[in-house]
Structures are given as structure tokens and as C-alpha cells.
Amino acid sequence: MPPRIGTAAAALPGAAPSRAANPSMPKGGGARAFSRSARLATRQRSAMWAWINGAGRQFRRPAAGTTNYLGGGSNWGGQEEGEEGADAGGRQRYNKFPFPRNRHFQSLPVLSEELRDGIWDMVVNRGMSVREVSARMLVGVERVGAVARMKEVERRWEKEGKRLAHPYANAILSMLPQTPYKPVGGAHPHEPINDLPVHQATGTQLFHPTSESRPFTRADAGRAFAPSLLPADQRIPHPELIARERVRLAGGSAREARAAEQEAASEADKLAEEKEKKERETREAQTRTVRGRRWDFKFREVNADEVAGNERSPKGVGWRYGFPHEDRKKGQVKIATKVE
2 MPPRIGTAAA ALPGAAPSRA ANPSMPKGGG ARAFSRSARL ATRQRSAMWA WINGAGRQFR
62 RPAAGTTNYL GGGSNWGGQE EGEEGADAGG RQRYNKFPFP RNRHFQSLPV LSEELRDGIW
122 DMVVNRGMSV REVSARMLVG VERVGAVARM KEVERRWEKE GKRLAHPYAN AILSMLPQTP
182 YKPVGGAHPH EPINDLPVHQ ATGTQLFHPT SESRPFTRAD AGRAFAPSLL PADQRIPHPE
242 LIARERVRLA GGSAREARAA EQEAASEADK LAEEKEKKER ETREAQTRTV RGRRWDFKFR
302 EVNADEVAGN ERSPKGVGWR YGFPHEDRKK GQVKIATKVE
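When we follow the working numbering, the leftmost residue of the sequence shown carries the number 2, and every step to the right adds one.
Hints in this document: simulated from the structure, not taken from any laboratory. Keep in mind it's a predicted model, so treat the numbers as computed, not measured. Note that the Cβ used here is the ideal one computed from N, Cα and C, for glycine as well. A portion of the hints provided could be inaccurate.
[Unchecked claim] Each pair of labels, with its calculated beta carbon distance range:
1) LEU250 with THR203: 24 to 32 Å
2) ALA166 with GLN201: 16 to 24 Å
3) VAL334 with PRO101: 44 to 52 Å
4) ARG294 with LEU165: 48 to 56 Å
Whole structure, please, built from the sequences with the hints as guidance.
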């Protein structure tokens, strides 16, 4: 292959390249212009270390007795400078905003170790019901049951000689807000204990015609959604508190109100136990169990005709989970066509 012959400009010694070939060169000859400002990443890194060594120094270690989140201008989470760090009940205020730019996310308190031990002692040693402990300690019924079960597992593991991650748990609890244990006097409210759970029958859109000449109560509202749906004051986790409040508003003493609460709670527990027992017996009667060497096989009789025409009955075979409602489906008549 013959050698290539360069251009005339490249062959001449000392000839400068054209500006069109290298547009990045400055106009004033071969000198290169340098910028004295730092790059963007370098400036951000310098600002980060300046903040860590300055205003962010307080966030290196967990604060004693409170949280140490970034949210809020002060260390009390939404409190103004100069206010005290305790509320009206004597409980320590804490910074509840971990993310400064997201004020909708709040860090809720967790149960302290002393409070969990107290709940376990009331349920196991004193023989109190879960509902009664929930009303006394102002902790949800589900959480009280979970604490009692977890404490039983923890004590069983201690008897078996298993190691527990107490250092890790203590380190995590020291960085989170906690609800303290107060055995004498009123307990600190940990969470709302009488929130009404959303019933499955109330998830659809409903237009219910009613007469203006008669009152429309909560019991009527429940029957409008489902014939077996109870009113709100009977579906809450603690209906016995309503009985106590009624006695108190009627002028009764504290002892009478307490007696009414205990009577209502015992009656509710008795009805719940009878209902659970009846459902368990019905389920066992409808199930045929075949004992195996390693597993037990359970069979139930299913009638495919129970699905009906709309194929929305949970009794049918292969019923899809999450089958959507037809509230917004085109052509559905949702307004009332007659008044009974």
C-alpha cells in the first residue's frame, strides 16, 4: 500500500491548525483558558462536609430521651424555639418528622419495653382479658394480643437458652419515640382504641331512598348496606365504654360506671366466644379430614350452583380475589327507581 501524502498545511513546519478544525481553542492564540470555580460535584461535597462539621454535628449521636430527626427547625419536631420539651401530661415532646421536606410523614411512638412487660403481666399473671387491658392501657386490641404472644415466645426462648438481640432492640428503641408505662393513674394514650373498622359491605356506592317523616338511624344505615351489618356503636372494639359513659352522663357514680363497663365487657366476650365456637363446629362438621402419614388432607363439599348469575358469590369455586365492584361501570342504574 503506497504511503499517504499529507496536506500542505500539515507538511509545513510551524503551521497552526485552522479554527474550524478545533473550535474549542481560544481566539487569542494557543493559550488555554482555565476556570477558577470548582466543579458542581466538588461544591456539593464541600457544602456537605461543611454542614456535617457545623450545624449537622448534633445529628451524629442519638439524643437522650427524645428523637434526633432532621425535620423541624428546632429539636422538638414542629415546636417553636423557646417552648418547653414536655406537654400538659408530663410526657416528653419529640421531633416526629424524620424527613424535612415531607411534613405528611410522621414517626409514631412505639411501645416501651416496660409497657410491653406490663401488658404481658396483666394478661398472663393477673388473668385480665385482652379487651380490658386495651381499655386500661389505651392500646389497640390487636396490639395487646400481639404483645402477649411475642412476650410468651421471648420467655420461652430464654428458658431454652437462646440468645436474644437485646442490644439491637435497645439501640433501635433509643432512636424512636416511645409510649411510657404508667401503672398508677391515667395511662398515656398510645393510639385510638375505638376506631371503627371498615366493613367489606360498605365499600360500594349506594343510593338509598328513605322517607322524610321517619328518622334515619345508624341501625338503618347498617341495614341499607347489608341485612346483617350492625350499627357503628356495636361494631367498635370497645362497646363497653359506651355503657360506662351512659351511666356517667345519667348521674351515676364511678363505681356504678365501672360495674356497667365490666358487665358489658363480659357479655361481649361471652358472645364472641360462643360465636367463634359455633363457627368452628360448623367448619369442622363441613370438613372431612383424611389422616396421612405426614400430612392431613381436608375436603369440603362445594356446590357450583351457589354462585348465581352474577358469579360474585365467595361460595363458588375459583372465585377471584379482588373482583371489582360495578359502581362506576357504564350503564349501571345507581339512583333510586322506587321508594318502599
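(message) Assuming the hint says 48 to 56 Å, is it satisfied by the Cβ distance from ARG294 to LEU165 or not?
(response) 36 Å Cβ-Cβ, so the 48 to 56 Å window is violated.
(request) Please test the hint of 44 to 52 Å on the beta carbon pair from VAL334 and PRO101. (result) holds, 51 Å
(request) Determine whether the Cβ-Cβ distance between ALA166 and GLN201 falls within the hinted range of 16 to 24 Å. (result) At roughly 38 Å between Cβ atoms, GLN201 and ALA166 fall outside 16 to 24 Å, so the hint is violated.
(request) Confirm or reject the claim that LEU250 and THR203 have a C-beta distance inside 24 to 32 Å. (result) Once the Cβ atoms are compared, 29 Å apart, the range 24 to 32 Å for THR203 and LEU250 holds.
Comparing the model with each numbered hint stated earlier shows that hints 2 and 4 do not hold.
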